[in-house]
Amino acid sequence: MKIIKLIALSGGVLATVLSFSLSAKADNHVFYGLQMEQFEYRAGDESEKLFVWDGDAFVGTDELKLRWQGEGERDLDADINESLENRLVLQTPISDFFDAKAGVRLDTPKGTDRWYGTVGVMGLAPQWFEVDADLFVSEAGDGSARLDVEYEGLITNRLIVTPSVELNAAFSEDREVAVGAGLSSVELGLRLSYDLIDRSVAPYIGVAYERKLGDTADFAKDEGEDYVASFVVVGVRLLF
Amino acid sequence: MPIFKTSFMRRFAVSTMVLGALAGYQTSAFAGAGHSGGHGGDGASEIGAPGEISDVRRTIRIAMEDNFYDKEKIIVRGGETVRFIVENKGEFVHEFNIGTAAMHADHQDEMMMMMEHGALEIDKINMDMMEMDMGNGMSMKHDDPNSVLLEPGKTAEVIWTFPKKAELEFACNVPGHYESGMVGNVRLQ
Amino acid sequence: MKIKFAGRAILGALAAIGVSFTANAATYDLSVDYVTIDTGGMQTKGIGYNGASPGPTLRLKEGEDAVIKVTNNLDEATSIHWHGLILPYQMDGVPGISFPGIEPGETFTYRIPVKQSGTYWFHSHSGFQEPDGAYGSIIIESEKREPFKFDREYVVVLKDKHPHSGARIMRNLKMMPDYYNRNQRTFGDFISDVSKNGLGTTLSERGDWGSMRMMRTDIEDVQGFVGLINGKSPEQNWTGLFKPGERVRLRFINASAMTYFDVRIPGLDMTVVQADGNNVQPVKVDEFRISVAETYDVIVQPKDDKAYGIMAESTGRSGYAFATLAPKEGMRADIPERRMESPLLTMADMGMSHGNMDGMDHGAMSDTDPGIMAGMDHSNMAGMDHSKMGTTKTDPFYAAGSGLAPEAANGGKFLSYADLKAQKPLYPERPATREIELRLTGNMERYTWSINGVKYEDAEPIRLKYGERVRFKFVNETMMSHPMHLHGMWSILDTGQGKWNPVKHTININPGTTVYSETEVDEPGQWAFHCHLSYHMAAGMFRKVIVEGGPAVAALENGNL
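Chains as they are written, first to last, in this note's numbering: chain Y, 1 to 240; chain Z, 1 to 189; chain S, 1 to 561.
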């Protein structure tokens, strides 16, 4: 079932990409790119081993882009996806530094799947904060929101420290996916990367801290899962 | 006769320098004002002296264009007195100046200053500014006997008695003109 | 004898009734090829002419009809634009504007009546072929004696050769506009600013720039290049020979994709005698900045029996080109110490300073204005240090307080546009019929570049009327310099010097400034008008210009008029 949904999603991506590139074949104003902000191995404080990724890819013009955003956590001991989400959005500029986007999201982790409709904004806030803010409405009718903020601090022009914050909140409880109403989780990260090959390949080390909050934390406790975890991470940032 | 002239020139130059020293100006900082006083002590004797029309046996016509002379070199006999009829056929101010390369280099700085001060424009000479009192009884006046500075369309005469032996050039020291090649050799035979 | 005479008489008669013969035609062949560009440290695949990049120097003669046959050996379409040449628009070589382009395997015949002289260059106007190596130089010999003399001459073509292909650079910039900026301010710079200026000042300064989301280091979009002179890297050391005492004419051409160079020859004065192919009243300088696509001819007179270095540092100081002038083969001049401190943009470059040039009369700033001097007290001049008068002036073509304003390495004279005066005006002076405002606009964070906020593909052409004299007002609202190039017609740069205003094909407009140029609309057809920075042009800082009216222009059929 998950497989079919994923195939449907990726089929959608492929069809859209193809129609984009065909319609714009004659001019050189269509660009594309792939970025993995996080592509890392995580060792937890209770000897959990995880593989985590968070990336996006786009194709399109200055005015309209199709963007895939995907992130997931795979528990390497249990061999299951703790979380797995893929988003497909259309994106267009709404101000000098911000784009609006709208599309769909499909979560296919271990357990219950969910479709979401999503709208959001992403861009560059004053003082160089990279911001991605999204609203979601699930197929079950539950609303949620997410805010991602990241900052790149240059120690040198190649050695870069990147603090990041991700906040999740739900407007109503969705027991099936173990999310309670209110602020549901927070993830903090601090990564130190070195641009090894241009900006394409930048290995990094860092730390990450995840905590579920409120009812969401209680649901995790009820399930006998950890609601808080910290990690040492090793990974590579990719840009192609 | 030439001997007298040489010594006269030398004395004149020396006295100008003394006057300058007394007035407390530095040649380098005030080169432009030295126009009425010739080009310093050494040059004057090396380059020859103003000639008398009675000694002239030969006239050389020089046409000045933008930015070159119609002649690449002039051949004269040592000690000969030559009358030059210099015509500015260009659209810019040009100079015909007999001197050594070093004198020309100094003079270029002076001309640059004249231009910066507006005494000299690219196609015009502002005579009132040239004659303006710059203090110390000096002016930017351009009246050396070894040179003429001409506006477009003007013609002038220089009568010059060359020395027996010297390395001389005739040149235009309007800013940029010498460097771009408005200079020729005087070959003394 | 008689026959000859008769022939001549007939020729003369024909000439008198206006029949022209092709006796004066000269034919040149160029092939467009894939080549390997070897800069010593790297080998890249690129595009060149006649099997090499840079391509050859075409030597044309004023008054001839040049016939240039261009054969495309690539597997993509190509084109050649003759930069700065005044010619029928179908020969101008811009695909989609002048002609359809040259398909693979095709030979296109350019026919150019050569009506000018000087130093020019040619390059592909297709895709990113020019940054990839498709460029060469043009010398047009003057019919008349030139207003300067020289014993020998060299073309000195500057290029910023990058290891990445042009297409890849463009994509990277769109993905991440600071992809190639390795001169950004770091934590270390922050600490040193704090110790110099205090924490409060430093924070508020960082805050001001951060709130605008603009980088003070955004001077060179594309760093990581090797500077080439005539195709040679500094280590490969292109060498031009001279005999001591000779006057050497150096024809500088900046064929770079993105990079401005500050050029000097330590130990030698340079007398600038030509800019963009048109003679200028000679001006002696220690250093000059050459914008992308500009040309400057200088005369130098190396007197000593030693090697002299031609040093061309990029404006942002991220790279340099170097070559040698030497009395003998195999000599190498010492590379002068590089100025490693890269400039920083200021609020003035953002157009935030009150001292904007908008509406300012350049004439009032001219140092030769006698009106300024008239009010001076000459009796006190003996105490003035005249040697400094020339150098303390600020260049009116940079915003007051600009971080980009150049200074000569030796503290001497740095060429300004204000120093350029036409040697012989090409056109009589007359008032412009109208003014067209072109705001140079863009968004660095999106890497979008435009004119009046509109990209090329969304823009209406600029329509001019044959016979009018139009005044362009360039207002640079971006934080980068833009070299604006109008094809097919001259741009008379307004330096406030009336009939002596210099005549150019490429006009650089610095950040935070407004610059005017005037064009006598004397060539019918349609033309390109664009920023010559390759990736700004590709992003949309480009317009089509249509000249309406004027003589009928013959239709074009594969280059055969």
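Treat each hint with caution, since some may be false.
What the hints assert, rightly or not - Result set (DMTMM-like, lysine to aspartate or glutamate): computed pairs, CA atoms no more than 25 angstroms apart in a straight line:
hint : chain 1 : residue 1 : chain 2 : residue 2
1    : Z       : K73       : S       : D75
2    : Y       : K49       : Y       : E225
3    : S       : K149      : Z       : D123
4    : S       : K544      : Y       : E225
Treat the hints as calculated values from the structure; they're not laboratory data.
The hints, checked one at a time:
{"no.": "1", "hint": "Z/K73 with S/D75", "in the structure": "violated (58 angstroms)"}
{"no.": "2", "hint": "Y/K49 with Y/E225", "in the structure": "holds (15 angstroms)"}
{"no.": "3", "hint": "S/K149 with Z/D123", "in the structure": "holds (21 angstroms)"}
{"no.": "4", "hint": "S/K544 with Y/E225", "in the structure": "violated (65 angstroms)"}
The structure fails to meet hints 1 and 4 from the earlier list, while all remaining hints are met.
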